[in-house]
Amino acid sequence: MTAWLARLVAGRLIRLAWLLPLAAVGLFALISLAPIDPVQAYVGGRTSQIGPEQRDAIASAWGLDRPASERFASWLGDLAGGDLGQSITFNAPVLQVIAARLPASMALVGLAFALSFLLGTLLGLVAGATRGRWPDRVIRTLAVVLAASPGFWVAILLVAVFAVTLGWLPACCAAPPGQLASEVTPADRWRHMVLPVATLSVVGIAPLVLHTRQSLIAFLDSPAARHLSAHGATPLRLAFGPGLRHAAGVALTLHLAGAGELFGGSVLAEAVFAWPGLGQATVRAATGADAPLLMGIGLATLLFVFAGNLLADIAARLADPRLRRIA
Amino acid sequence: MFRPLATAALALSLLSPAHAEARSLVLAIGGEPEGGFDPIMGWGHYGNPLFQSTLLRYDAELDLVGDLATDWRLSQDGRVWRIRLREDAMFSDGTPLTAKDVVFTYTAASTAGGLADLTVLKEARALDDTTVELELTEPRITFVARLATLGIVPAHSYGADYARQPIGSGPFKLVEWREGEQLVVAPNPYWHGGEIAFDRVSFVFGSEEAGQALARTGAADLVAVPPSMADAAPPDMAVLKIDTVDNRGLAFPMGPARDETTETGAPIGNDVTADRAIRVAINQALDREALVALALNGHGRPAMGPADGLPWDNPEAAIPGNDPTAAMATLEDAGWTDSDGDGLREKDGLRAAFRVLYPAGDSTRQALALGASQQLRAIGIEAQPTGSSWDEIGALMHSQVVVLGWGAHDPSEIYALHHGDYAGVDYYNTGHYANPTVDAHLEGAEAAGSFDASLAHWQAAAWDGETGFGPKGDAAWAWLVNLEHAYWASDCLDLGSLQIHPHGHGFPITHDLPSWRWTCE
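From first to last, the protein sequence lines stand for chains E and Z.
Each residue of the first sequence is one higher than the one before, counting from 1 in my numbering.
Each residue of the second sequence is one higher than the one before, counting from 1 in my numbering.
Hints may be right or wrong, so weigh each one.
Taking lysine to aspartate or glutamate and the EDC-like style, the derived pairs with C-alpha atoms no more than 20 Å apart in a straight line are [unchecked claim]: (1) Z:Lys122 x E:Glu183; (2) Z:Lys173 x E:Glu183; (3) Z:Lys347 x Z:Asp362; (4) Z:Lys472 x E:Glu53; (5) Z:Lys173 x Z:Asp338; (6) Z:Lys472 x Z:Glu332.
None of these hints come from the bench; they were simulated from the model.
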């Protein structure tokens with residue numbers, strides 16, 4: 001039973017071993033080639049107050065006066081010692097910046113992940129079971145429209161309707177303004193999560209719906225399903241019974257493999273809703289050419305996506321024993 | 001005879017808003033310092049430093065007044081500031097602030113490699129507990145801007161985590177900072193500056209749209225809004241439009257095209273704009289009111305110089321604009337005529353044409369470039385608006401005209417924009433302008449015995465009756481507009497008198513936050 005699991009994990013760890021250094025070099029090359037002068041970005045609007053001498057002092061204080069290859073080498077050296085370096089934008093260790101902002105992002109991404117999986121699978125199954133009839137058409141139309149809608153646009157639409165016009169939900173932020181963290185009630189926290197989570201889930205839902213629908217239809221057309229059907233099982237019963245197990249493997253694989261996209265979508269959602277997560281920090285780091293922080297976030301995202309893919313493969317094999325033989 | 005007066009005084013004191021019940025204030029004006037609240041790394045440059053206090057401060061008229069300093073004197077040779085400190089200043093942890101802390105702060109900031117430029121400081125020393133001497137490497141009067149912006153940190157507890165747990169002698173103490181989200185501060189009970197009318201002030205960060213949404217739901221009392229939104233304030237809020245020196249102008253290449261290039265290989269000089277007549281004619285022709293209407297939707301004012309309305313501004317240096325007739329006369333006199341009838345002037349086979357560069361992502365500068373180009377075509381000058389990346393602008397700004405923006409509460413900007421030593425350095429003197437008389441005035445200003453005495457020198461650099469960098473003299477720039485910064489403020493919030501704001505919208509408005517009052521019940 002566990003032989004396939006050990007083989008799978010070992011294979012993936014080997015892949016990670018060459019993927020990580022490759023990604024690090026690629027990321028660093030991209031950042032150094034970006035046409036942003038980190039010192040100018042750091043100085044920003046204060047150009048007139050910072051003389052050329054002070055610029056040199058800033059560059060040497062942050063090690064920006066050294067050639068890129070040398071900076072990369074010293075970054076690698078620090079990394080070996082578990083130090084991800086110092087973020088110039090936030091004037092703090094990279095690890096601290098990521099640790100401070102990861103929980104907010106994970107709450108958002110995690111909830112959206114679970115919600116979109118439940119909703120996507122459910123809608124896909126219903127659409128598959130009612131193939132060609134009106135529920136199927138409505139769901140398919142919805143999926144295609146959502147697939148074509150940019151995340152930030154959906155976010156602005158939701159804010160306009162539910163926050164500004166109806167006034168049911170807060171338009172931004174993770175907590176009501178003017179309150180300390182200790183004063184914010186759990187109910188308030190949940191209220192503030194609704195719109196960002198909805199935005200993020202809605203964006204990732206379309207492929208899930210369409211794929212689940214398709215794999216359910218494939219099952220319903222199979223001899224096994226025809227047999228059950230001949231014995232009087234209705235399509236809906238088939239869909240949520242044996243069909244669910246057929247479709248779940250595909251849905252899980254797809255959804256976990258798409259975790260990276262969800263992470264990317266959170267950058268936009270965080271910007272619109274002023275959500276204090278990693279996405280916001282990523283934008284600041286990128287506009288400031290903050291190499292250590294961008295590297296840290298990039299590698300953290302890589303690990304996140306990698307773990308998502310690995311979990312997807314394990315889950316798919318658990319759901320569908322036929323896959324275990326191929327490895 | 002006594003009684004009516006006493007009664008009136010009592011009535012007044014009861015009515016006075018300072019005695020209104022303390023309440024909390026929510027501001028959505030951006031300006032989160034990602035790096036934290038460490039003055040040594042550059043925090044507190046604009047607006048109120050909140051947690052720290054400074055030696056001097058600017059009042060609403062931008063005159064210098066004492067904060068921690070009770071007396072400040074510059075030595076005869078202009079190199080040593082002797083500063084006497086007040087004795088009642090305390091840090092928010094209850095320890096007294098002494099000369100030792102000032103020396104520590106200035107010494108640390110001069111070597112930290114942060115955003116406080118103290119390269120001119122040679123040594124800071126404490127003479128006794130309340131007297132400090134700051135010795136400079138050379139006379140430089142603009143060092144007062146450092147005296148007015150560098151917050152003093154406690155020598156005994158300053159450490160690596162200071163930026164996120166600041167302790168200072170300023171009006172507020174930090175209650176909570178949820179990064180990227182909200183900063184909450186409360187009055188510092190040890191502050192030496194008087195009463196604060198609010199028991200809690202929260203700064204909400206996030207997007208502009210989020211701030212507007214908070215204002216509409218009544219959750220924020222003061223919000224920074226873009227000019228296009230200024231007039232759409234919610235019912236119980238007033239629109240606050242503040243004049244600024246957040247300016248935009250055209251920087252001219254001053255010399256003819258040269259064979260040499262800058263260190264990075266960028267060409268220098270432009271044969272057309274090297275002719276003073278072209279630069280003067282542009283200054284005469286531009287209709288700046290129309291540019292304000294076009295590029296800023298009317299939310300701004302015409303700019304005549306780099307520091308309109310600031311104490312070191314010289315209005316005499318300007319020449320009237322919106323006068324195409326005079327502009328064309330200037331061009332004719334200098335030999336720029338349209339000999340081939342294509343609507344464009346030439347002189348000795350050289351066409352009156354150049355590019356006007358602007359960063360492609362900046363819609364305001366784009367509108368200014370397009371508007372100016374249209375206006376200049378009417379007098380026979382072809383200014384081709386060209387949207388570029390900052391990288392491309394960096395390569396072309398020494399040989400073409402660029403739309404640049406400045407505007408600081410510090411005349412050292414005037415020096416950097418016009419002194420020959422700054423020719424080709426960063427974005428300062430992009431046109432390689434050099435006039436020995438102007439340089440001498442600028443140096444004279446820096447060497448002045450007091451800030452007040454320096455003002456006349458700064459003004460003379462713009463126009464001294466014979467020459468200067470202003471349009472009457474060399475016309476090194478054609479200034480276009482000063483932006484207006486817009487806010488929505490609760491009808492109940494009294495902000496007192498406001499300064500002319502610098503480049504940068506949002507946080508500068510907090511400059512006098514400790515004296516704001518709530519006027520409603």
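Hints and how they fare:
| no. | hint | in the structure |
| --- | --- | --- |
| 1 | Z:Lys122 x E:Glu183 | violated (49 Å) |
| 2 | Z:Lys173 x E:Glu183 | holds (19 Å) |
| 3 | Z:Lys347 x Z:Asp362 | violated (34 Å) |
| 4 | Z:Lys472 x E:Glu53 | violated (33 Å) |
| 5 | Z:Lys173 x Z:Asp338 | violated (67 Å) |
| 6 | Z:Lys472 x Z:Glu332 | holds (18 Å) |
In summary, the structure is inconsistent with hints 1, 3, 4, 5 from the numbered list given earlier, while agreeing with the others.
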